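S.K.: Here the protein sequences line up with chains Y and F, keeping their order.
By the count of this note's numbering, the first sequence reaches residue 631 at its end, each step adding exactly one.
By the count of this note's numbering, the second sequence reaches residue 631 at its end, each step adding exactly one.
Read the hints as simulated data drawn from the structure, not as lab findings.
All values derive from a computational prediction rather than experimental measurement.
A few of these clues could be false.
One copy or two, either will do: identical chains are not told apart, so a pair holds if it fits within one copy or between any two.
Said to hold, decoys possible - Capping the alpha-carbon separation at 30 Å, the derived lysine-lysine pairs in DSS-like fashion look like this:
no., residue 1, residue 2
1, K314, K518
2, K361, K502
3, K314, K502
4, K470, K542
5, K361, K470
6, K542, K314
7, K542, K361
8, K314, K361
9, K314, K470
10, K470, K518
Number of protein chains: 2
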Amino acid sequence: MTTAGTVRIAVDAMGGDRAPGAIVEGVIEARKAYGARMVVVGLPEAVQPLLRNHPGLDFVGASEVIEVDDPPLESVRAKRGASINVCARLARQGDVDAWVSAGNSGAVMAAALLLQGRLRGVERPALGAVFPTLAGGAVYYLDVGINVDCGPALLCQFARMGAVYAREILGRDRPRIALLSNGSEPGKGDWLRREAYARLQQTGVNFIGNIEGPEIFTGKADVVVTDGFLGNVAAKMAEGTAEFLFQVLREEIPRTWTGKLAGLLVRPRVQQIRARFDWREHGGAPLLGINGVVVVAHGRSDAHAIASAIRAARDAVTGALVARIQDSLLDQSTTEGPRATQENSPVSQ
Amino acid sequence: MTTAGTVRIAVDAMGGDRAPGAIVEGVIEARKAYGARMVVVGLPEAVQPLLRNHPGLDFVGASEVIEVDDPPLESVRAKRGASINVCARLARQGDVDAWVSAGNSGAVMAAALLLQGRLRGVERPALGAVFPTLAGGAVYYLDVGINVDCGPALLCQFARMGAVYAREILGRDRPRIALLSNGSEPGKGDWLRREAYARLQQTGVNFIGNIEGPEIFTGKADVVVTDGFLGNVAAKMAEGTAEFLFQVLREEIPRTWTGKLAGLLVRPRVQQIRARFDWREHGGAPLLGINGVVVVAHGRSDAHAIASAIRAARDAVTGALVARIQDSLLDQSTTEGPRATQENSPVSQ
């Protein structure tokens, strides 16, 4: 186990809408802010010129790039020298403690699975996201889109891994786990929700029942469990509605002179409020269930979002997230409260 | 077929959070605005005192009430004198052309099914909602929560019925039908979406492919098709996000004196904008696939929302919505464009 000062993190400079410029800027920002040892991975001709004035950053070359629309598994297999594969290989060899990519998230998952493997007992890795709550807190929401077809057993595994994330990373003593559904009563939901509800009561997590979408923002739950299809549609609906409303307000309010004046007066405050709901502040979250720390950043990440994703990777390493998840999956009782550190976990080396 | 002036509409005065007061007020508002002949249905002791100064309203007594938490099918069978059953019976007997309820929506569907029946070829009736778009238009979204477990064939039927709604009620010549999914590419979605996508291409509707949640507001599609579980969660997510943001803005902006001033200046405009996204403006929508016009209003309906729901019922009657849906289901080619009126439709009497 490494200590905070020596955490080594590889970053895929080729992934994301604004790669490689914004990615390298994010690495520079994170290095200043968090002091981790950073390894930038990418095509030499594209990335090395950006690193010239930053001798403190390491560079590892890649020979190709997996594009955002490439078929994940096939491209990970075919493009062996791709930056995503190089990152995963550095992690498997122990050259870095974690890696971060804003690229093709399916390919990130495929590379992590093929090269680093899953933890014992993990059916499929999951990807969560941290959302803000009304009171200024945070809620962990998974799966956010990696696992599109899920059964009830998989949702229970998401609940278990999410509980560990909430405890180790968000600092919740006894995380409250809720199931995203179309009503709060036990009988609500489609067959998958009804079946998962019954099983979650026997999973050993602190299951508080169904939760409706808007309640996520109230902070009623610490972890919200959903399949990746519903989770993705619902998350985009929230994000899209917010963007839509801010756009309408920005366009419509300045149409009168009082509106123009009011808009000027209030703009800094509205921008502060918007920032609180900005996904870039929670720029990435680790894949749960992988034998290593792999952080998937938003494809639209700018430098600040990349820095946040790097912080998430560092927190996962220093919080020994992977070992804790393995403990939880091997010992069902451990999700109910804090426990002693297990130094010789089979997966923490 | 009745003409606009003589449409007769029964309204369940016992359904909804604010029944019976707000319901009766809504009936009064609608009668003034739309001139339909209104029949108020409810418990005599609760409703008749409210009607004393309104001699133009008819009253039909009910002997009991189905509560919002009652099991739908069982309570419709057990409470034969319930206001919902009385409304459905009035419609079956031809005493009214349509009925409206803000009560238990499952019970409304059960009563409509048991007493009025479904159209030929309808597997399960659907319930849609009209959402506003950025440009000030409207999009029809179904199913919004009645059918929780759906197969691909049912989604195709929703598409067909939704196309008729968009043509006859929203006035779209060749309604663009989209499938709610987690991405716009054809391969996106869970198994239900992938299967429905393939079938929708052969359904004879103007299928434009997958649509992501936020795109609904852009007006890219006229009809958005989804199963009732996803549809309900996604709709609540949009509604909840909007309420949440307005609440945060209202609480946080007045914390500084410039914010207070700006808030006062801008309040009337913000309220106008909010009203555009207010579900109460689109207070109800008809159950599609029932042999009759039955409008389900939002459980939180106030008087204005009830009046909007009554308008929706009137529009469905004058637009011969039921006959058009039957035509469309019996003749697959009819969804592709405008067609001649079919005077002797088996269901239009």
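S.K.: Against each hint, give a clear statement of whether it holds in the structure.
M.R.: A quick look at each hint next to the structure:
1. K314 with K518: Close neither inside one copy (32 Å) nor across copies (41 Å); limit 30 Å.
2. K361 with K502: Neither: 44 Å inside a copy, 37 Å across copies.
3. K314 with K502: neither (35 Å within a copy, 44 Å between copies)
4. K470 with K542: neither (46 Å within a copy, 42 Å between copies)
5. K361 with K470: between (45 Å within a copy, 23 Å between copies)
6. K542 with K314: neither (39 Å within a copy, 38 Å between copies)
7. K542 with K361: neither (53 Å within a copy, 58 Å between copies)
8. K314 with K361: neither (33 Å within a copy, 70 Å between copies)
9. K314 with K470: neither (49 Å within a copy, 39 Å between copies)
10. K470 with K518: Result: close both inside a copy and across copies, 22 Å intra and 14 Å inter.
In terms of the numbered hints stated before, the structure departs from hints 1, 2, 3, 4, 6, 7, 8 and 9, listed from lowest to highest.
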